[in-house]
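Below, each chain spelled out in residue letters.
There are 2 protein chains.
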Amino acid sequence: MAEEKRTENVEEIFEETASPAAEEAGGIPEESAVEETSEANEASKIEELEAKAEESENRLLRLQADYENYRRRVKLDQEAAHKYRAQSLISEILPALDNFERALQIEAADESSKSLLQGMEMVYRQLIQALQSEGVEKIEALHQPFDPHLHQAVMQVEDSSYEPNTVLEELQKGYKLKDRVIRPAMVKVNQ
Amino acid sequence: MAEEKRTENVEEIFEETASPAAEEAGGIPEESAVEETSEANEASKIEELEAKAEESENRLLRLQADYENYRRRVKLDQEAAHKYRAQSLISEILPALDNFERALQIEAADESSKSLLQGMEMVYRQLIQALQSEGVEKIEALHQPFDPHLHQAVMQVEDSSYEPNTVLEELQKGYKLKDRVIRPAMVKVNQ
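Chains A and B are the protein sequences, given in the same order.
Position one of the first sequence corresponds to residue -15 (the numbering used here), numbered consecutively onward.
Position one of the second sequence corresponds to residue -15 (the numbering used here), numbered consecutively onward.
Hints listed in this document are in silico derivations from the structure and should not be mistaken for laboratory results.
Only a predicted model underlies this, so the values are computations on that prediction, with no experimental measurement involved.
Please note that the accuracy of each hint is not assured.
Under the rule of at most 27 Å between Cα atoms (straight-line distance), these lysine-lysine pairs were calculated in the DSSO-like manner [unchecked claim]: (1) Lys67/B to Lys59/A; (2) Lys122/A to Lys172/A; (3) Lys59/B to Lys59/A; (4) Lys67/A to Lys59/B; (5) Lys157/A to Lys98/A; (6) Lys67/B to Lys172/B; (7) Lys29/A to Lys29/B; (8) Lys67/B to Lys162/A; (9) Lys67/A to Lys160/B; (10) Lys122/B to Lys157/B; (11) Lys172/A to Lys98/A; (12) Lys122/A to Lys162/A; (13) Lys157/B to Lys67/B; (14) Lys59/A to Lys122/B; (15) Lys59/B to Lys36/A; (16) Lys29/A to Lys36/B; (17) Lys29/A to Lys67/A.
Per the computed footprint, the stretches of chain B lying under chain A, defined by three or more beta-carbons under 8 Å from a beta-carbon of chain A, are [what the hints assert, rightly or not]: (18) 21 to 27; (19) 114 to 128; (20) 132 to 146; (21) 151 to 159.
Pairwise CB distance ranges, derived in the manner of DEER restraints [stated by the list, open to error]: (22) Glu153/B to Val141/A: 54 to 60 Å; (23) Glu85/A to Gln140/B: 49 to 55 Å; (24) Asp163/B to Ser117/A: 20 to 26 Å; (25) Lys36/B to Asn53/A: 23 to 29 Å; (26) Ser28/B to Ala64/A: 52 to 58 Å; (27) Ser75/B to Leu60/A: 23 to 29 Å; (28) Ser144/A to Glu121/B: 46 to 52 Å.
Glycine included, C-beta positions come from ideal geometry on N, C-alpha and C.
Here chain A stands alone, though its shape is the one from the complex:
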């Protein structure tokens, strides 16, 4: 505090010495005037350098903040890309899976067809397991309360033996990849 105060006083003194009023008053030796100009030049040089240093510092801080934001965004992007990486292939596979299920629903007419169907059911389960290992899950629909985020109502019926807004039939299976709905279940809903 004492230090600060002293500085203030000195500044006052300096300003008075350097003030044009003092020069106009005459009587000040020329040499002194030159030195004063050089002093003023150096002072302005210092000011300029300090402004430049401050600007560099600010640019550095902005760039650091920018860099940090970018790294954070990249991390989130990479996590999402990794999490849903199989989405495109899964979407391509779902129609084949629908047809697979339809083909498996055929009634076996004889022993030969029966053993063939058993072999295909094994292949089907293996395929489902491969999808599950990537995070694919079937959306529960039948007899569930209708949820517009998971179910797509394509038919409405009135059945007093069921609660209103209940899924009464699943017309096409829906699938989620982790927390993301890949395809909603197509359903018939009770009004």
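Position chain B relative to chain A; hints supplied.
Frame of chain A, contents of chain B only:
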């Protein structure tokens, strides 16, 4: 900012003026000594500021280069991650595909089995198309020159009716995802 800095300079001047050393030296007119010392101080102040500005500038350039490298690396990583995104699911699906092919090779004993097999063949082709649309390709093996990057030799035979180092039999299909071998073809090679 400028105001503040000037105050510091003045403070330096004041300190020199107030130092007992200057007073003790004697002989030199007091005013001149003060100015010379003050000039030296300002010159060193300027040097210091210039060094600081240069350092800031260098840090800024290093950070910019670092940032650029990071962006470039991220871009390459993202491209590779996108290109091979389905690899994990594909690897899981391949064993199901092998079994699917084995099941389809069963000879249809009657009309019922025949129509069942036709339906399953359609599902199989749909599955293959889904995989192709993600960039999966079967590796050519049969009667090709043996290529250790694409083929895995599990058996060797000697058959003078074929060129040496030719694949004579494909025991398990191999697959590529774009330019990457997901699974080499397991083959029998002519010595």
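Hint-by-hint comparison with the structure:
1. For the given pair, Lys67/B sits about 18 Å from Lys59/A by alpha-carbon distance, which is consistent with the 27 Å threshold.
2. Between Lys122/A and Lys172/A the alpha-carbon distance is near 17 Å, which keeps this suggested pair within the 27 Å criterion.
3. A hinted pair counts as satisfied when its Cα atoms are at most 27 Å apart, and Lys59/B with Lys59/A qualifies at roughly 12 Å.
4. For a cut-off of 27 Å, the pair hint linking Lys67/A to Lys59/B stands: about 18 Å separates their Cα positions.
5. At roughly 25 Å between alpha-carbon atoms, Lys157/A and Lys98/A fall within 27 Å of each other, so this suggested pair holds.
6. A C-alpha spacing of about 31 Å is found between Lys67/B and Lys172/B, which places the hinted pair above 27 Å, so the restraint is violated.
7. For the proposed pair Lys29/A and Lys29/B, the alpha carbon gap of about 10 Å is at most 27 Å, so the pair holds.
8. With a CA separation close to 21 Å, the supplied pair Lys67/B and Lys162/A stays within the 27 Å bound.
9. Distance hint between Lys67/A and Lys160/B is fulfilled; the C-alpha atoms sit about 23 Å from each other, no more than 27 Å.
10. As the CA atoms of Lys122/B and Lys157/B are separated by approximately 7 Å, the hinted pair is consistent with the 27 Å bound.
11. Annotation: proposed proximity of Lys172/A to Lys98/A is violated, straight-line Cα distance about 32 Å (limit 27 Å).
12. In summary, the hint linking Lys122/A to Lys162/A is supported, as the alpha carbons are separated by about 10 Å, within the 27 Å threshold.
13. With a C-alpha separation of about 22 Å, the suggested pairing of Lys157/B with Lys67/B holds against the 27 Å cut-off.
14. Distance check on the hinted pair: Lys59/A and Lys122/B sit about 34 Å apart at the alpha-carbon level, beyond 27 Å; violated.
15. With a C-alpha separation of about 34 Å, the suggested pair Lys59/B and Lys36/A falls outside the 27 Å cut-off, and the hint is violated.
16. Under the criterion of a C-alpha separation no larger than 27 Å, the hint pairing Lys29/A with Lys36/B is consistent with the structure, at around 14 Å.
17. Proximity of Lys29/A to Lys67/A is assessed by CA-CA distance (about 57 Å); at most 27 Å being required, the pair is judged violated.
18. Using a Cβ-Cβ cut-off of 8 Å, 4 residues of the region 21 to 27 of chain B lie near chain A, which meets the minimum of three, so the contact claim holds.
19. Against chain A, the region 114 to 128 of chain B contributes 4 residues with a C-beta closer than 8 Å to a partner C-beta. That satisfies the three-residue criterion, and the hint holds.
20. Only residues whose beta carbon comes within less than 8 Å of a beta carbon in chain A count, and the region 132 to 146 of chain B has 0; fewer than three means the coverage is violated.
21. Judged by the Cβ-Cβ criterion of 8 Å, the region 151 to 159 of chain B is not covered by chain A as claimed, because only 0 of its residues qualify and three are needed.
22. Evaluation of the 54 to 60 Å hint for Glu153/B and Val141/A yields a pass: the beta carbon distance comes to about 58 Å.
23. For Glu85/A paired with Gln140/B, a C-beta distance near 44 Å fails the hint of 49 to 55 Å.
24. Taking the beta carbon of each, Asp163/B and Ser117/A are about 25 Å apart, inside 20 to 26 Å as hinted.
25. The beta-carbon spacing between Lys36/B and Asn53/A, approximately 27 Å, falls within the hinted interval of 23 to 29 Å.
26. Between Ser28/B and Ala64/A the beta carbon distance is about 55 Å. The supplied range of 52 to 58 Å therefore holds.
27. Between Ser75/B and Leu60/A the C-beta distance comes to about 26 Å, which sits within the given range of 23 to 29 Å.
28. Checked against the hint of 46 to 52 Å, the pair Ser144/A and Glu121/B fails, with Cβ atoms roughly 56 Å apart.
Hints 6, 11, 14, 15, 17, 20, 21, 23, 28 from the earlier list are contradicted by this structure; the remaining hints agree with it.
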